[in-house]
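J.: For the protein sequence lines, the chains are A and B, in the order given. Following the working numbering, the numbering of the first sequence begins with 1 at its first residue and continues without gaps. Following the working numbering, the numbering of the second sequence begins with 230 at its first residue and continues without gaps.
The hints are simulated quantities; they were obtained by calculation from the structure and are not laboratory data. For each residue, glycine too, the CB sits at the ideal point set by N, CA and C. Treat the hints loosely; a few may be bogus.
Derived DSSO-like pairs (lysine-lysine); straight-line CA-CA distance at most 27 Å [claimed, not checked]: (1) A:95 - B:346; (2) B:405 - B:253; (3) B:231 - B:253; (4) B:241 - B:346; (5) B:461 - B:327; (6) A:86 - B:253; (7) B:405 - B:241; (8) A:95 - B:327; (9) B:241 - A:86; (10) B:231 - A:95; (11) A:199 - B:461; (12) A:199 - B:405; (13) B:346 - A:86; (14) A:45 - A:139; (15) B:461 - B:405; (16) B:382 - A:95; (17) B:282 - B:231; (18) B:346 - B:282; (19) B:253 - B:327; (20) B:382 - B:461; (21) B:253 - A:95; (22) B:231 - B:327; (23) B:405 - A:86; (24) B:346 - B:253; (25) B:405 - A:95; (26) B:282 - B:241; (27) B:346 - B:382; (28) A:95 - B:241.
Which chain A residues stay away from chain B? Per the calculated CB distances, all over 10 Å, these [stated by the list, open to error]: (29) 71; (30) 76; (31) 125; (32) 145; (33) 196.
Computed from the model, here is a short list of chain B residues facing chain A with C-beta under 8 Å [claimed, not checked]: (34) 261; (35) 335; (36) 340; (37) 441; (38) 442; (39) 443; (40) 453.
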Amino acid sequence: MSWLTSFWRSSIGGKVTMAVTGLMLFGFLVSHLLGNLLLLQGRDKINAYAKWLHDLGPLLWVMRIGLLAVFVLHVATAIRLSRANKVARPVAYRKPNTVQANMASRSMLLSGLTLLVFIIYHLMHFTFGVTNPGHHALKAAGAGGHDVYAMVTTSFGNPAIAIAYAVFQVVLFLHLSHGLQSMAQTVGIHHARYTPMIKTVSFLVALAIAGGNAFLSLSVMFGLVGGTQ
Amino acid sequence: MKVILHIWRQAKASTNSDFKQDGKMVRYELNNASPDMSFLEMLDVLNEQLITKGEEPVAFDHDCREGVCGSCGVVIDGVPHGPESGTTTCQLHMRSFKDGAEIYIEPMRAKAFPVTKDLIVDRGSFDRIVQSGAFISVNTGAPQDANAILIPKPDADRAFDAATCIGCGACVAACKNASAMLFVGAKVSHFKHLPQGQVERDSRARNLVSAMDEEGFGNCTNQNECEAVCPKEISVRVIADMNREYLRAKVLEE
Ligand code: HEM
Ligand code: FES
Numbered sequence: 001m002s003w004l005t006s007f008w009r010s011s012i013g014g015k016v017t018m019a020v021t022g023l024m025l026f027g028f029l030v031s032h033l034l035g036n037l038l039l040l041q042g043r044d045k046i047n048a049y050a051k052w053l054h055d056l057g058p059l060l061w062v063m064r065i066g067l068l069a070v071f072v073l074h075v076a077t078a079i080r081l082s083r084a085n086k087v088a089r090p091v092a093y094r095k096p097n098t099v100q101a102n103m104a105s106r107s108m109l110l111s112g113l114t115l116l117v118f119i120i121y122h123l124m125h126f127t128f129g130v131t132n133p134g135h136h137a138l139k140a141a142g143a144g145g146h147d148v149y150a151m152v153t154t155s156f157g158n159p160a161i162a163i164a165y166a167v168f169q170v171v172l173f174l175h176l177s178h179g180l181q182s183m184a185q186t187v188g189i190h191h192a193r194y195t196p197m198i199k200t201v202s203f204l205v206a207l208a209i210a211g212g213n214a215f216l217s218l219s220v221m222f223g224l225v226g227g228t229q
Numbered sequence: 230m231k232v233i234l235h236i237w238r239q240a241k242a243s244t245n246s247d248f249k250q251d252g253k254m255v256r257y258e259l260n261n262a263s264p265d266m267s268f269l270e271m272l273d274v275l276n277e278q279l280i281t282k283g284e285e286p287v288a289f290d291h292d293c294r295e296g297v298c299g300s301c302g303v304v305i306d307g308v309p310h311g312p313e314s315g316t317t318t319c320q321l322h323m324r325s326f327k328d329g330a331e332i333y334i335e336p337m338r339a340k341a342f343p344v345t346k347d348l349i350v351d352r353g354s355f356d357r358i359v360q361s362g363a364f365i366s367v368n369t370g371a372p373q374d375a376n377a378i379l380i381p382k383p384d385a386d387r388a389f390d391a392a393t394c395i396g397c398g399a400c401v402a403a404c405k406n407a408s409a410m411l412f413v414g415a416k417v418s419h420f421k422h423l424p425q426g427q428v429e430r431d432s433r434a435r436n437l438v439s440a441m442d443e444e445g446f447g448n449c450t451n452q453n454e455c456e457a458v459c460p461k462e463i464s465v466r467v468i469a470d471m472n473r474e475y476l477r478a479k480v481l482e483e
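Just chain B, with the same shape it has in the complex (with noise of 0.2 Å):
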């Protein structure tokens, strides 16, 4: 199959005072796609034929390329991981799109994921709000019996849908303010439903917000377009638990 792809190019990373710098979107023409590839082979067949021609290759971010990294988000068409719901970059198809197609690739834009070549973004702002207070802190010691403390069943499922965020962005790069307050509410609520979560609860809470908003995310106006992109369909429930437990928190602050 054939595609034209419009791929933004950047060779040197954004600032925090200059955005813009450099980039522009490049126009290509691939003619030996197959459907059966997925999208990141059909980018590493075109950086193929860009190598033999003596051209720099796109640069893109991937590793497991099995939907659970959550490495590989680029914005495809203006949604992040492309066309099809509940699903990564890497696991998209190119039978999710015509033959014939224009597709246009961009990198995720906010102020917190500055492009750092190309579709690559530095996500470390995510990692600096998860050293805020996403985990809970234990001694080490030996390993209690795994069953001594009992979980209701509706807890840990709740838990669990939180727990399987991959911290790709994509709630970031979809919202219209650039918000990352589905990330953080996973991270808030994860930790909300399960006991062990309860020592740190409010710490948690105040910092983990904080942290968010001293990375310059914007403010979610509860449009939901980041459940629809998330590949792992976690759902804006978890931004009214961090609500909720932020504003519990900060009315109990001493």
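Bound conformation, chain A alone (with noise of 0.2 Å):
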């Protein structure tokens, strides 16, 4: 096992790890989203779906904790490689310069740690319930004890949440705009013709992922999606 070692310990190790653990942090955000959009179709659509989540039981805990490593995994390997290379350039430049890299790609630990005060919030809004206990418990009050549309139609009605989670959606498009292509380039793909494709698509799906996910909130807030249907 010492070349998994080795391999884990090396610059390029390091890099895999965040592309592989990138990859799968977006594949759940993808089927987040995909699920989420069910609110547009109402009411029963959302809470049948949030229902058979949770009768997932056991696998569903499954799913819950292979998230959390990936995503500590993720961040553990952010901190280390961003550490070592402040290390590497202990004495800055008096005039730093730019010659061709987006802001995107120079603020990727930024951002990262940007989404993980959102994410920790995320959880405390809507899977704990610490911010907003009031909103939290129409969700176990409602039928079946999973309406989570009610839950969510509340919170979102209120203008300062919505727009708080349309703004954090803005810091998700700029890490997965540089993280996707990046990604590719980190696992040795790199090609005339499909790295300029790639660079195309990364942009495209990361502001469908976070348009998609601002469009629900804001969707909310502006009353187009709520009420009682």
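Two chains, two separate frames, one set of hints: put the complex together.
T.: Right, here's the structure in full:
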């Protein structure tokens, strides 16, 4: 197993860890968005989806723990690599400059840490019911104990919450727009024809995910979704 | 033309425990530069003036002055080799600057490139990486016929593009993480595309990457600053080549 530990500790091993865990987190985001889009189909659809998830029982816990492990690995490796990068340049330039690196690529650690803060808030909000216990209570009080619809529409009816969620999606967009195409390069995919395509698709997919999330919170705020239907 | 220079002056070599030793930016005014001078000639003129005044001249590295040896990289206004793309410092001319310009000149900054004096850095870390496997082992003897081993043109081109690396260190200096992955990628890619490179393919990838990590370079975050400043315009394709070769070599390792 020494090959594995030396791979793990190496620079490229660290980068590949970021890429693989990043891809898994991205996969989660896709399913998370697709599930939440059921909000547009009305109360019954999304509540049935929530019930189905909960009824998975032990399987749901396997997925939750797996996701948490992947997430911790992604963040821990990000911190390990970023620290090494700081150490590698002990003296900064007096006149720093950038030729072609874009803002998204230069702020990956910052956008990542901002996402961490948002994800903690998001869990305290909807999963643990810490920030808005009243909204969270609506979920259990509803039919079958899974009235996610009531919880979500009440929360996003509050413009402060809906706008905060939408603003965080800008950060998610930045992280994904660089992260997705960076992932391909990290695992060795670079091609005169495909690389430009991968960059365009990464941008569009990041826009779709972040835009989709923001659309949901804002459409409740604007009253397009919600009420009694 | 007139230029105002801010140059990093450092008398003593940096050590691993003290990188900030004694250095500071010093301002110089130069009134008799010409747009036709190369950047290094401009520094020569400055040094003549300093020597006449009995001051210590600015130490900077240079050798061929024709863009092939890789000695001359300094960081000009935050960009290794200065504002012209695909150009070494020695091939840069003062016509690339405005009359009266303020120009900041600093040594390349990386833990693995300690400053020895003023603008000169020790790039021995690159040599040690090369010694760890950026070569092919051949037994000496009668030379083979040059065309006995056929190499497809696209492969020869890719190998050649990577082989144009002059080891100047600009990629490390430009990288926000002081990563050497463009340099090491160029070595890996150079041999990967040649039949002669296949014999030591896996050990080369493993040894080069571990030598690179031991020298204390940073980790690439795919910002592509390196390819933007490379005087030989080597593409980050070589980094993808290296990542793939290293992955393969680690998977196949026994
Ligand atoms: C929604 C959760 C997240 C997703 C979907 C995600 C996705 C990604 C992806 C796809 C990559 C590209 C990997 C590569 O370059 O090969 C990446 C890189 C990275 N992520 Fe995340 N990430 C998430 C959360 C975080 C968090 C919480 C942090 C906090 C530290 C973080 C920090 C980073 C860093 C520092 C990089 C490397 C940047 C680079 O190489 O340019 N990420 N992420
Ligand atoms: S002095 Fe040789 S490349 Fe500039």
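J.: Does each hint fit the structure? Answer for all of them.
T.: Hint-by-hint comparison with the structure:
1. At roughly 19 Å between alpha-carbon atoms, residue 95 (chain A) and residue 346 (chain B) fall within 27 Å of each other, so this suggested pair holds.
2. With a C-alpha separation of about 22 Å, the suggested pairing of residue 405 (chain B) with residue 253 (chain B) holds against the 27 Å cut-off.
3. For the hint linking residue 231 (chain B) to residue 253 (chain B), the alpha-carbon distance of about 23 Å falls within 27 Å, and the restraint holds.
4. In summary, the hint linking residue 241 (chain B) to residue 346 (chain B) is supported, as the alpha carbons are separated by about 6 Å, within the 27 Å threshold.
5. The straight-line distance between the Cα atoms of residue 461 (chain B) and residue 327 (chain B) is roughly 25 Å, inside the 27 Å bound, and the hint therefore holds.
6. A distance of roughly 21 Å separates the Cα atoms of residue 86 (chain A) and residue 253 (chain B); the hinted pair therefore holds under the 27 Å criterion.
7. Proposed proximity of residue 405 (chain B) and residue 241 (chain B) is supported: the alpha carbons are some 26 Å apart, at most 27 Å.
8. The straight-line distance between the Cα atoms of residue 95 (chain A) and residue 327 (chain B) is roughly 18 Å, inside the 27 Å bound, and the hint therefore holds.
9. With a C-alpha separation of about 23 Å, the suggested pair residue 241 (chain B) and residue 86 (chain A) falls inside the 27 Å cut-off, and the hint holds.
10. Restraint check for residue 231 (chain B) and residue 95 (chain A): satisfied, since their Cα atoms lie roughly 20 Å apart, inside the 27 Å limit.
11. Distance check on the hinted pair: residue 199 (chain A) and residue 461 (chain B) sit about 24 Å apart at the alpha-carbon level, within 27 Å; holds.
12. Taking the CA atoms of residue 199 (chain A) and residue 405 (chain B), the gap is about 21 Å. The hint holds against a cut of 27 Å.
13. For the proposed pair residue 346 (chain B) and residue 86 (chain A), the alpha carbon gap of about 23 Å is at most 27 Å, so the pair holds.
14. In summary, the hint linking residue 45 (chain A) to residue 139 (chain A) is supported, as the alpha carbons are separated by about 15 Å, within the 27 Å threshold.
15. Pair hint residue 461 (chain B) plus residue 405 (chain B) holds up; C-alpha atoms about 20 Å apart against a cutoff of 27 Å.
16. Between residue 382 (chain B) and residue 95 (chain A) the CA atoms are separated by roughly 43 Å; this puts the pair beyond 27 Å, and the hint is violated.
17. The straight-line distance between the Cα atoms of residue 282 (chain B) and residue 231 (chain B) is roughly 19 Å, inside the 27 Å bound, and the hint therefore holds.
18. Taking the CA atoms of residue 346 (chain B) and residue 282 (chain B), the gap is about 20 Å. The hint holds against a cut of 27 Å.
19. A threshold of 27 Å between alpha carbons decides the hint, and for residue 253 (chain B) with residue 327 (chain B) the separation of about 25 Å falls inside it, so the pair holds.
20. Our distance criterion of 27 Å between C-alpha atoms is met by residue 382 (chain B) and residue 461 (chain B), whose separation comes to about 20 Å.
21. This hinted pair checks out: residue 253 (chain B) and residue 95 (chain A) have alpha carbons roughly 13 Å apart, not beyond 27 Å.
22. About 9 Å separates the Cα atoms of residue 231 (chain B) and residue 327 (chain B), which keeps this hinted pair within 27 Å; it holds.
23. At roughly 9 Å between alpha-carbon atoms, residue 405 (chain B) and residue 86 (chain A) fall within 27 Å of each other, so this suggested pair holds.
24. The suggested pairing of residue 346 (chain B) with residue 253 (chain B) holds, with an alpha-carbon distance near 12 Å, which does not exceed 27 Å.
25. Among the hinted pairs, residue 405 (chain B) with residue 95 (chain A) is consistent with the structure: their alpha-carbon atoms are about 13 Å apart, no more than 27 Å.
26. Simply put, residue 282 (chain B) and residue 241 (chain B) have alpha-carbon atoms about 22 Å apart, close enough for the 27 Å limit, and the pair holds.
27. With a CA separation close to 44 Å, the supplied pair residue 346 (chain B) and residue 382 (chain B) exceeds the 27 Å bound.
28. The straight-line distance between the Cα atoms of residue 95 (chain A) and residue 241 (chain B) is roughly 22 Å, inside the 27 Å bound, and the hint therefore holds.
29. Listed as outside the interface, residue 71 (chain A) is consistent with that label: its C-beta sits roughly 19 Å from the nearest C-beta of chain B, beyond the 10 Å cut-off.
30. Taking the minimum C-beta to C-beta distance to chain B, about 14 Å, the non-interface status of residue 76 (chain A) holds against the 10 Å cut.
31. Remark: the non-interface label on residue 125 (chain A) is consistent with the geometry, its nearest Cβ contact in chain B lying 31 Å away (cut-off 10 Å).
32. Every C-beta of chain B lies more than 10 Å from that of residue 145 (chain A), the closest at about 45 Å, which supports listing it as non-interface.
33. Even its closest Cβ contact with chain B, about 13 Å, leaves residue 196 (chain A) beyond 10 Å, as expected for a residue assigned away from the interface.
34. The interface hint given for residue 261 (chain B) is broken, as the beta carbon of that residue sits about 24 Å from the closest beta carbon of chain A, more than 8 Å.
35. This hint holds: residue 335 (chain B) has a C-beta 6 Å from the nearest C-beta of chain A, less than the 8 Å allowed.
36. The restraint placing residue 340 (chain B) at the interface with chain A holds, with a minimum CB-CB distance near 5 Å, inside the 8 Å limit.
37. For residue 441 (chain B), the interface hint holds, the least distance from its beta-carbon to any beta-carbon of chain A being 7 Å, beneath 8 Å.
38. Contact between residue 442 (chain B) and chain A, as hinted, is supported at the beta carbon level, the nearest pair being about 5 Å apart and thus within 8 Å.
39. Interface hint at residue 443 (chain B): violated, since its Cβ lies 10 Å from the closest Cβ of chain A, which is beyond the 8 Å cut-off.
40. Interface restraint check for residue 453 (chain B): the shortest CB-CB distance to chain A comes to about 6 Å, inside 8 Å, so the restraint holds.
Checked against the numbered hints given earlier, this structure breaks hints 16, 27, 34 and 39; the rest are met.
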